[in-house]
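> Taken in sequence, the protein lines are chains C and F. Residue 2 is where the first sequence starts when you use our numbering, and the numbers rise one by one after that. Residue 106 is where the second sequence starts when you use our numbering, and the numbers rise one by one after that.
Take the hints with a grain of salt, since some may be wrong.
Unchecked claim - Think about it this way: if two alpha-carbon atoms lie no more than 25 Å apart in a straight line, the pair counts; the simulated SDA-like pairs of lysine to any residue are:
| id | chain 1 | residue 1 | chain 2 | residue 2 |
| --- | --- | --- | --- | --- |
| 1 | C | 34 | C | 97 |
| 2 | C | 34 | F | 203 |
| 3 | C | 34 | F | 195 |
| 4 | C | 34 | F | 130 |
| 5 | C | 34 | C | 14 |
| 6 | C | 34 | F | 143 |
Everything labelled a hint here was simulated from the structure, so no lab data went into it.
Letter by letter, the chains look like this.
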Amino acid sequence: MDPVAATTLPIPGLLLAGSVAALAASLWLLLPKTSDTVNSRRLGFLFGAAALIGFAATGRSLGGVGADAVFLTVAGISVISGLATIVTRSPVYSAIWFAMALAGVSGVLLVLGAQFLGVATIVVYAGAILVMFLFVLMLAQPSGMAPYDRVSNEPMLAAAAGAVLLGLLTLSIGRLSAAEPPACCRLPSRAQAMAAAPTEGVGSEDDRSATLLAPATAGVERVDADEVAHLGAELFGRHLFAVEVAGVLLLVALVGSIAVVSRGEATETDHRRESR
Amino acid sequence: MIPATLLTNALLVGAVLFCLGLVGILTRRNLIVMFLSAELMLQGVSVTLVAWSRYHGDWGGQVLVVFVLTVAACEAAVALVFVLQAFASTGRLDASAWQALREENLPRVIDHGLPADDRVVPTWPHLSPAGVLPEGDDSRSLERDHV
């Protein structure tokens, strides 16, 4: 990166540094520790709100999506619930906050125009995977908080590392948007469309390749009416073999988990039989 | 397709979710919460993939997210079986219960003075009993085949 691009970075450096510091402090104060008090947690919430506002302002300086209230709302829900997922002491509450984060992520996906994935996130994650987590929690730890839920490994170092990583990612995203208007991101997309068009043009209608060839300009219609149909055609067209492999993977996971459980039980009964 | 401003903002949301999940998996000691943090990282990656996919008008990113969902389901099934087995052998959902597996040159994790449980005990609603308690034989309650 040349220094010119670094100076024309759209992110105010002080704002980013302040948000990173506030996020690190908030994570450190909120993570379960031995020296926890109610006041330190309140301070952590305060720092967390400051970091949230800082990163929202950073996102606003990257583009005017602050006007898009729906995106701001669902993004805020997912981020706040994600933070609550990792800092809540009770694992059951943590799982429920994770469900809330999933709802927010699903909203983000819907705003981005991926309708099928938005719904699939709710159905598969919140409906199936999360319920499985809750089942295991209820089987293993029905009495709420255990002592090891009230401490954590190296909270200060981990909070600092996570916040610094987030700052670096934000910087690179800002650099991306600074370099975006001249040809950097548009050319690959058009080249990709060119490369994809001949393979997909077989048996597909013309307007689809026309939308593929259109450059990614602002103001193009965001919602694709046939999104699910196109995704299904892509999934069962170009990626049919991968779908088959995923099916085999699901079967192997099913058989493997049952085998692990039943093998453990078999050894227990064998052990009992030997001891008799 | 989506405008570039929405792309960068969605990338930012994905980055925040990923970093939160990273911090969670590094610090928390409950095995279930560690897995929830890993799933949070997967969500961040999914948001990023979908944003790029919509920006470029290419379906590859969304197809990849479909496979991420599939692999997450498999991973959760297999991992929860192992978590249950680990719980059956130690009686705790604690990652530090397995610190006998650590490297030889690493120090042992010892909990100094665990904090007191300062939860506020919730007040549950008090329900008035309805009907009369049936006369039951506790020793035969498990053998009962009808209500």
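> Decide, hint by hint, whether the structure agrees.
Evaluated hints:
Among the hinted pairs, residue 34 of chain C with residue 97 of chain C is consistent with the structure: their alpha-carbon atoms are about 22 Å apart, no more than 25 Å. Note on residue 34 of chain C and residue 203 of chain F: the hinted pairing holds, with a Cα-Cα distance of about 20 Å set against a maximum of 25 Å. Between residue 34 of chain C and residue 195 of chain F, the direct Cα distance comes to roughly 23 Å. Compliance with the 25 Å bound is thereby established for this hinted pair. Restraint check: the Cα-Cα separation between residue 34 of chain C and residue 130 of chain F comes to about 15 Å, which is no more than 25 Å; the hinted pair holds.
A hinted pair counts as satisfied when its Cα atoms are at most 25 Å apart, and residue 34 of chain C with residue 14 of chain C does not qualify at roughly 31 Å. With a C-alpha separation of about 21 Å, the suggested pair residue 34 of chain C and residue 143 of chain F falls inside the 25 Å cut-off, and the hint holds.
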